[in-house]
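**Student:** Work the whole structure out from these sequences, hints included.
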Amino acid sequence: MYLKELTELDGVSGDEGRVRDFIKEKIESKVDGVKVDVLGNLIAFKKGTKSNRKFLLAAHMDEVGFMVTNVEDDGTLSFAPVGGVDPRVVVGKHVRIKGEVPGVIGYKAIHLQKRNEILESPKYENLRINIGASSKDEATQKVEIGDYVSFATDFRCENSRATGKAFDDRAGCAVLMEIIERSERFEDDIYFAFLVQEETGLRGSAVLFEQLQPNLALVIEGTTAGDDPGLPEHQWATHLGDGPAITFMHRGYVVNKKIYESILQVAQKYDIKHQPKRRTAGGTDAARLAKTGGGVPAGVISVPARYIHSPLSVIDVDDFKNTVSLVGKILEEGEGFAR
Amino acid sequence: MIDLIKELTESYGPSGREEEVQKVVLKHLEGHIDGHRFDPLGNLLVWKKGKSDKKVLLDAHIDEIGLVVTNIDDKGFLRIEPVGGVSPYTYVGHRVRFPKATGVVYYEGETPEEQKKNLSNLTFDHLFVDIGACDRKEAESIVPIGTFGVYDSYFYENGKYLVSKSMDDRIGCAVLVEVFKNLKDPRHTVIGSFSVQEEIGLVGASVAAYDFSPLLCVAVDVTDSADYPKGLKRHAMALGKGPAIKIKDRASISHRKVVELLEQAAQKAGVPYQKEVLTFGGTNAAVLQRTKEGIPSATLSIPTRYVHSPSETVSLSDVEGAVKLLVSFIDLELEL
Numbered sequence: 001m002y003l004k005e006l007t008e009l010d011g012v013s014g015d016e017g018r019v020r021d022f023i024k025e026k027i028e029s030k031v032d033g034v035k036v037d038v039l040g041n042l043i044a045f046k047k048g049t050k051s052n053r054k055f056l057l058a059a060h061m062d063e064v065g066f067m068v069t070n071v072e073d074d075g076t077l078s079f080a081p082v083g084g085v086d087p088r089v090v091v092g093k094h095v096r097i098k099g100e101v102p103g104v105i106g107y108k109a110i111h112l113q114k115r116n117e118i119l120e121s122p123k124y125e126n127l128r129i130n131i132g133a134s135s136k137d138e139a140t141q142k143v144e145i146g147d148y149v150s151f152a153t154d155f156r157c158e159n160s161r162a163t164g165k166a167f168d169d170r171a172g173c174a175v176l177m178e179i180i181e182r183s184e185r186f187e188d189d190i191y192f193a194f195l196v197q198e199e200t201g202l203r204g205s206a207v208l209f210e211q212l213q214p215n216l217a218l219v220i221e222g223t224t225a226g227d228d229p230g231l232p233e234h235q236w237a238t239h240l241g242d243g244p245a246i247t248f249m250h251r252g253y254v255v256n257k258k259i260y261e262s263i264l265q266v267a268q269k270y271d272i273k274h275q276p277k278r279r280t281a282g283g284t285d286a287a288r289l290a291k292t293g294g295g296v297p298a299g300v301i302s303v304p305a306r307y308i309h310s311p312l313s314v315i316d317v318d319d320f321k322n323t324v325s326l327v328g329k330i331l332e333e334g335e336g337f338a339r
Numbered sequence: 001m002i003d004l005i006k007e008l009t010e011s012y013g014p015s016g017r018e019e020e021v022q023k024v025v026l027k028h029l030e031g032h033i034d035g036h037r038f039d040p041l042g043n044l045l046v047w048k049k050g051k052s053d054k055k056v057l058l059d060a061h062i063d064e065i066g067l068v069v070t071n072i073d074d075k076g077f078l079r080i081e082p083v084g085g086v087s088p089y090t091y092v093g094h095r096v097r098f099p100k101a102t103g104v105v106y107y108e109g110e111t112p113e114e115q116k117k118n119l120s121n122l123t124f125d126h127l128f129v130d131i132g133a134c135d136r137k138e139a140e141s142i143v144p145i146g147t148f149g150v151y152d153s154y155f156y157e158n159g160k161y162l163v164s165k166s167m168d169d170r171i172g173c174a175v176l177v178e179v180f181k182n183l184k185d186p187r188h189t190v191i192g193s194f195s196v197q198e199e200i201g202l203v204g205a206s207v208a209a210y211d212f213s214p215l216l217c218v219a220v221d222v223t224d225s226a227d228y229p230k231g232l233k234r235h236a237m238a239l240g241k242g243p244a245i246k247i248k249d250r251a252s253i254s255h256r257k258v259v260e261l262l263e264q265a266a267q268k269a270g271v272p273y274q275k276e277v278l279t280f281g282g283t284n285a286a287v288l289q290r291t292k293e294g295i296p297s298a299t300l301s302i303p304t305r306y307v308h309s310p311s312e313t314v315s316l317s318d319v320e321g322a323v324k325l326l327v328s329f330i331d332l333e334l335e336l
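Residue numbers (the working numbering), protein chains in the order written: chain C, 1 to 339; chain D, 1 to 336.
No lab work stands behind these hints: they were computed from the structure. Do not rely on the hints blindly, as some may be mistaken.
Below are the DSS-like pairs computed for lysine-lysine, each with C-alpha atoms no more than 30 Å apart in a straight line [stated by the list, open to error]: (1) D:K137 / C:K258; (2) D:K100 / C:K273; (3) C:K257 / D:K27; (4) D:K292 / C:K54; (5) D:K292 / C:K257; (6) D:K268 / C:K258; (7) C:K258 / D:K292; (8) C:K4 / C:K273.
Owing to the predicted nature of the structure, the values given are computational and were not obtained by experimental measurement.
**Tutor:** Below you can see the structure in the form of structure tokens.
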């Protein structure tokens with residue numbers, strides 16, 4: 001499992017280099033070919049025994065985070081979110097700038113706030129990153145405008161639960177890496193795409209069709225759990241521990257019926273724990289793949305994660321293992337899958 | 001044509017589940033086309049070869065708005081989310097049709113005050129569906145999570161108007177079918193795309209033209225006709241004044257030359273028409289025009305009252321006018 005290494009790397013949208021280099025080094029010797037395209041997507045190839053279809057497995061390398069927008073006179077940094085980050089989860093957190101410079105995001109102490117102010121959501125305009133510099137000159141020796149900022153969160157695993165940042169979508173990257181570790185060949189040609197800039201608008205996946213012309217795809221994601229005590233059960237999207245979540249529809253795309261039903265069939269056939277994703281909000285690269293070139297029908301399988309798009313999300317390691325099993329079994333089905 | 005419209009509008013085909021309607025289309029096109037195929041996303045593409053080497057693509061989306069089951073409770077009640085732009089109000093007290101069941105949609109509220117509050121700020125989280133099941137197990141066996149539903153509504157003639165669910169855009173599909181029936185020996189090759197998943201983001205049409213590289217595209221879709229009491233101001237569209245040649249909506253600006261050609265075709269065929277500027281909305285023309293290196297595209301609209309409700313209303317004369325206009329259009333030289 002590469003979950004620890006992958007989630008502790010910093011790779012906000014547009015700055016996926018560290019993640020890409022790590023994955024490339026680990027998989028290079030286990031595939032038939034690997035390349036990095038113009039946008040920065042890492043694409044690996046494994047030849048099939050029949051090679052009648054091109055089957056694309058996709059996961060995105062990028063995570064949500066921030067970018068430094070200005071270095072202030074007092075040495076603090078103004079910043080803006082990259083991807084969707086609720087400002088309420090930002091306050092009081094450790095961050096890392098360009099993967100190395102530590103910083104903190106604070107907020108005025110409760111003593112200085114009016115009673116009703118405490119309940120208000122902070123605004124990005126009023127938040128600063130503090131890197132311990134006391135002047136602009138001192139700060140600019142370490143950082144500059146445009147530098148990327150990530151949450152600084154260590155991976156931890158207790159029993160079957162793991163916590164860390166960026167399970168969306170390093171969990172998906174880790175699933176693809178586990179599949180690559182397997183030595184056997186499948187019937188279809190398999191393309192493994194580790195994509196960039198998903199969080200800023202499904203951008204990396206937009207250029208796959210012109211390069212690969214895949215016949216079908218599976219997008220592997222880390223997705224919303226929502227199984228919080230504050231929400232009634234019928235509003236949960238997924239539930240930790242119930243297995244990989246299988247999507248029938250999300251924003252901008254109804255999953256190809258044949259692919260959706262075939263995923264369910266494979267899960268049932270091999271008795272792999274699974275659950276339908278029960279909310280339709282949020283989108284994945286499947287929506288972009290459907291709309292590019294001649295159209296790529298895709299399915300979506302996700303590892304449920306609580307509190308995604310925050311510094312600290314939680315997954316169930318068994319859900320991760322079941323996702324690996326399910327994707328593996330799908331590939332073993334060969335040309336029989338979604339036919 | 002009325003029978004065709006009835007059959008098409010009463011068929012089940014929410015976004016992503018369009019097979020039943022595509023079968024109806026193919027049945028009616030038998031003997032009127034030279035070939036058909038389904039592309040990887042499920043778009044039904046049909047064609048009739050013409051005398052010139054020019055290709056024209058006519059598009060109508062075959063999907064309709066709907067609901068999808070997202071949860072089932074212990075007592076067998078369903079929870080739902082919208083598929084496409086559906087107002088929760090159109091479903092309160094109305095029925096939803098699934099492939100194997102019909103259900104009643106209603107809203108929750110544990111006190112009269114809460115009922116009133118929920119009704120005045122209605123969201124899909126307040127709605128549930130009763131399919132008459134005793135428990136979760138029974139409901140799951142009939143409508144598993146992920147089952148798609150549509151308005152349980154029927155077609156009828158309301159005076160000179162036609163009323164049904166899914167006029168958006170089965171009326172466009174009906175127009176395309178009739179156009180193909182009227183093309184005996186067409187001047188140009190005509191491709192018909194019965195496109196999937198329009199209602200959730202113009203999905204199917206984004207790729208439908210990719211393999212054909214047509215000279216131009218015309219999307220046939222409904223437009224909002226607000227010619228009723230206190231309907232939207234600023235909009236001119238009205239039922240019975242002919243098909244509407246779209247100039248602009250929020251998603252696209254019709255290619256000027258295609259607009260001129262559509263007007264010429266209308267004049268040549270003696271079909272009254274109206275011009276349309278819609279201040280919201282969008283059609284497949286928006287993505288057809290962005291395919292590959294770009295394809296000149298426009299929309300021909302059927303003015304429709306009560307769009308995205310179970311009772312979408314059109315005028316048969318506008319529909320027949322659209323068919324005549326397009327047949328005449330295909331007989332133009334089509335110099336861009």
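**Student:** Hint by hint, say whether it matches the structure.
**Tutor:** Outcome of the hint check:
no.	hint	result
1	D:K137 / C:K258	holds, 24 Å
2	D:K100 / C:K273	holds, 26 Å
3	C:K257 / D:K27	holds, 22 Å
4	D:K292 / C:K54	holds, 22 Å
5	D:K292 / C:K257	holds, 27 Å
6	D:K268 / C:K258	violated, 46 Å
7	C:K258 / D:K292	holds, 27 Å
8	C:K4 / C:K273	holds, 24 Å
In summary, the one numbered hint that this structure violates is 6.
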